[in-house]
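Participant: Sequence:
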Amino acid sequence: MRWRAAHYLDPDETMAEELDERIAAYMAWHRTHSLPKYAQIADEARRRMERQLQPDDLVWGYDSVVAQLREDMRAAAESMAPLLDRLTPRQIAHFERRLAEDNRRFARENLRGGERERRKRRTERNVERLEDWLGRLSRAQLERVKQYSERAPLLDELRDRDHKRLQAQLLAMLRAKEAKKRLPDFVEHFDRGREPPYDAAIEAARKEYGAMILDIDRALTREQRARAAHDLARYAQEFRALAGSAR
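Residue numbers (my numbering): 5 to 251.
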């Protein structure tokens with residue numbers, strides 16, 4: 005985390021020391037405050053996974069994780085904002101160049117090729133993620149992932165435009181020296197101000213993804229369900245171990 009922050013901010017020696025202190029303070033807060041909550045989420049997800057999933061389980065999982073991420077992002081912003089308000093014009097220009105590099109990388113990885121190629125890449129990504137949790141998918145399960153990718157709207161162009169909108173707002177905030185005043189609310193409500201077509205596409209994609217997950221869940225073998233439940237239990241244990249190491 006420290007390397008990534010320095011990569012974007014190009015701090016001088018004095019600022020680098022403060023950056024280390026602020027990151028250390030946030031990480032200590034995260035270990036004691038957030039990791040126990042993530043452990044609880046993982047435990048509850050395991051219990052739900054051990055039986056057949058229902059639509060309400062997907063809503064619960066999404067809402068629980070997003071709510072915790074919002075809290076974490078707000079805390080990180082509150083920790084970093086005083087330092088960000090002291091960035092020099094040179095450092096802000098450096099930050100802007102790093103964001104432009106990120107945008108070019110996103111375009112190379114996600115916007116190249118026609119619709120068929122991009123849907124194929126999405127299928128491959130989803131298969132890889134699901135097999136990380138479940139092991140080898142059956143032919144029918146693979147076909148269901150392909151159906152999802154064919155049905156759900158492609159989001160990358162809308163996401164790219166939204167990233168640039170948020171980046172422009174953040175840069176304006178830094179130039180105005182208003183990070184302490186505005187950044188916590190800005191990052192907590194990162195989805196505020198989206199274009200209506202993007203919101204609609206996200207909702208449509210979530211609906212298709214949820215339907216795919218429920219269909220695949222109904223077709224899980226005993227071994228696949230046990231593997232996913234075991235991994236969730238392992239994550240809960242690791243979160244608690246990391247939280248305990250902060251005491």
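Keep in mind the hints are simulated off the structure, nothing from the lab.
In this text the structure is predicted, and so the values were computed from the model without any measurement.
Worth double-checking, as some hints may not be accurate.
Claimed, not checked - In silico BS3-like pairs for lysine-lysine, Cα to Cα no more than 30 Å straight-line:
| # | residue 1 | residue 2 |
| --- | --- | --- |
| 1 | LYS211 | LYS124 |
| 2 | LYS184 | LYS168 |
| 3 | LYS184 | LYS211 |
| 4 | LYS41 | LYS181 |
| 5 | LYS124 | LYS150 |
| 6 | LYS184 | LYS124 |
| 7 | LYS211 | LYS150 |
| 8 | LYS41 | LYS150 |
| 9 | LYS211 | LYS168 |
| 10 | LYS41 | LYS184 |
| 11 | LYS181 | LYS168 |
Participant: Hint by hint, say whether it matches the structure.
Facilitator: Against the structure, the hints come out as follows:
1. LYS211 / LYS124: Holds: LYS211 and LYS124 sit about 20 Å apart, inside 30 Å.
2. LYS184 / LYS168: holds, 21 Å
3. LYS184 / LYS211: Given pair LYS184, LYS211 is violated - Cα atoms ~37 Å apart, limit 30 Å.
4. LYS41 / LYS181: violated, 33 Å
5. LYS124 / LYS150: holds, 8 Å
6. LYS184 / LYS124: Violated, at about 43 Å.
7. LYS211 / LYS150: holds, 15 Å
8. LYS41 / LYS150: Since the Cα atoms of LYS41 and LYS150 sit roughly 34 Å apart, the hinted pair is violated (cutoff 30 Å).
9. LYS211 / LYS168: Holds, at roughly 26 Å.
10. LYS41 / LYS184: holds, 26 Å
11. LYS181 / LYS168: holds, 20 Å
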